[in-house]
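If you read the sequences in order, they're chains R and E.
The first sequence lines up with residues 4 to 320 when you count with this note's numbering.
The second sequence lines up with residues 5 to 175 when you count with this note's numbering.
In case anyone wonders, no lab produced these hints; they're calculated from the structure.
Glycine included, C-beta positions come from ideal geometry on N, C-alpha and C.
Be aware that one or more of the hints could be misleading.
As the list claims (entries may be wrong) - Partial list, computed: chain E residues near chain R (C-beta under 7 Å):
#1 54
#2 68
#3 69
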Amino acid sequence: MSKIQYSNDGNIKHLLTIEGLQEELIYKIFDLAESFLNVGNREIKNVPLLRGKTICNLFFENSTRTRTTFEIAAKRLSADVINLDIDSSSQSKGESIFDTVDNLISMGADIFVVRHPEPGMPELLAKHVGGNAHIINAGDGNHAHPTQGLLDTFTIKKYKNRFDNLSVAIIGDIKHSRVARSEIHALTTLGVPDIRLIGPTDLMPTDMSKINLKIFESMDDGLKNVDVIMMLRIQKERMIGAIIPEEGEYSEKYGLRKKHLLLAKKDAIVMHPGPMNRGIEIDSDVADGQQSVILSQVTFGIAIRMAVMSMLIGKKI
Amino acid sequence: MIDPKNTLPDPILLIKKMAAELSKEIDSNTCLIGIPKGGHLIINELKGMLSSSTLDYGLIDTSFYRDDLEISGLKIKEMTTDVMFNIHDKKVILIDDVFYTGRTSRAAINELFDFGRPREILLYVLIDRQSAQLPIKPNYSAFQVSPKKNNYINLEENNKSLTFRTKIINE
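The shape of chain R in the complex, shown without the other chains (with noise of 0.2 Å):
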């Protein structure tokens, strides 16, 4: 999968996952993110490098954040930004996902964001466009999110500065979560020793059996001494299959509360994707404490999703 997210010469052409996606290239992308880092503290905070520039905003499922990210990243780049409504755009009266796509590169489109409920949808779509686009997978299924990967990572390496020597807590419904996967990913890759995985079991993944990947059942136990502890937001719509449990015994076991922050090391920090679920997932006196980066990782979101593209459109790094 990772193959077509390269062109022949060795440079990145779209950003599907994070899975195989080398450490230099990650490191690459936070140095250029912490360059636009510098342009949003200024007053000015548009640069002209994707001047001419379409980005189109592909989103099949709802999202406020990511959507919302992507559209400032892109106008901080001076590129022109169409968010298709699906809702009354001809999705809605039977056209292909393939034909809408093509009639925008024929309007001039250069990037597409592309969020979709099926995993895999933007690797097919990048087989489909060619050379003649790019694609930013913005989240496809439980597969992958790959840019909120590479932001949480660069979350963690603003405040921690290295990785070789963390332990990482992932916390909620793992199986489910393309956030969760694009993380352990870019995790693995940039050499953190010790990532911790709690939640019930049957949420757990399966198909990561390659990674070396701690299993807890209990937040008392696997929180303990940890650097990092990230929430993933929990998915009301699993508990419509009864595969989650019930809410309030869901929150009892696995919610984030301060208690919990006196088990990981002093300077551990919180984060979370977003939306949260306060009072469930997360109680709101650490979603808004000292240790809380979660907003940090919103503004940090713009600088990644500036860099991402700007690496697809240019030549090479």
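Following the hints, position chain E against chain R.
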């Protein structure tokens, strides 16, 4: 390949010449902004040569303002833009090691205007390669080379001393 016949002057001598010229130009409203990496190295030397204690120094990395993203890609540099003072109505003197096509200077001038409206912008360089592709010329160059003499020149720091690196590129 590295040019074995590098006959360029000692950079420090050229920076001293530049400092002498800058002294005539600097007033209480002047700031110096270097274009990394060469301009940064020059500014480090100039700080010890110029007597003005009120001079503001900054850096302008033009990577996000260049016109060759799809040809050359993004060049991630160690230094990013750092202009921590107001440039509105100031006399800005841009400092660079080598003037070649004028495209870097154009990008730097564009970027400067995102920080304010300077009263005046001047361009001071150590070497003018006299190959401008735009209607931009340095206001001062300490040394000039003929257009075809070297394919590539830049200022580098090796073991705390500055040298010009010249490279012949076979196109």
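How the hints compare with the structure:
1. Evaluation of the residue 54 of chain E hint against chain R yields a violated restraint, the C-beta minimum of about 27 Å exceeding 7 Å.
2. The beta carbon of residue 68 of chain E is positioned within 7 Å of a beta carbon in chain R (closest approach about 4 Å), and the interface hint is therefore held.
3. Annotation: interface hint on residue 69 of chain E holds; nearest CB of chain R at approximately 6 Å, less than 7 Å.
The structure fails to meet hint 1 from the earlier list, while all remaining hints are met.
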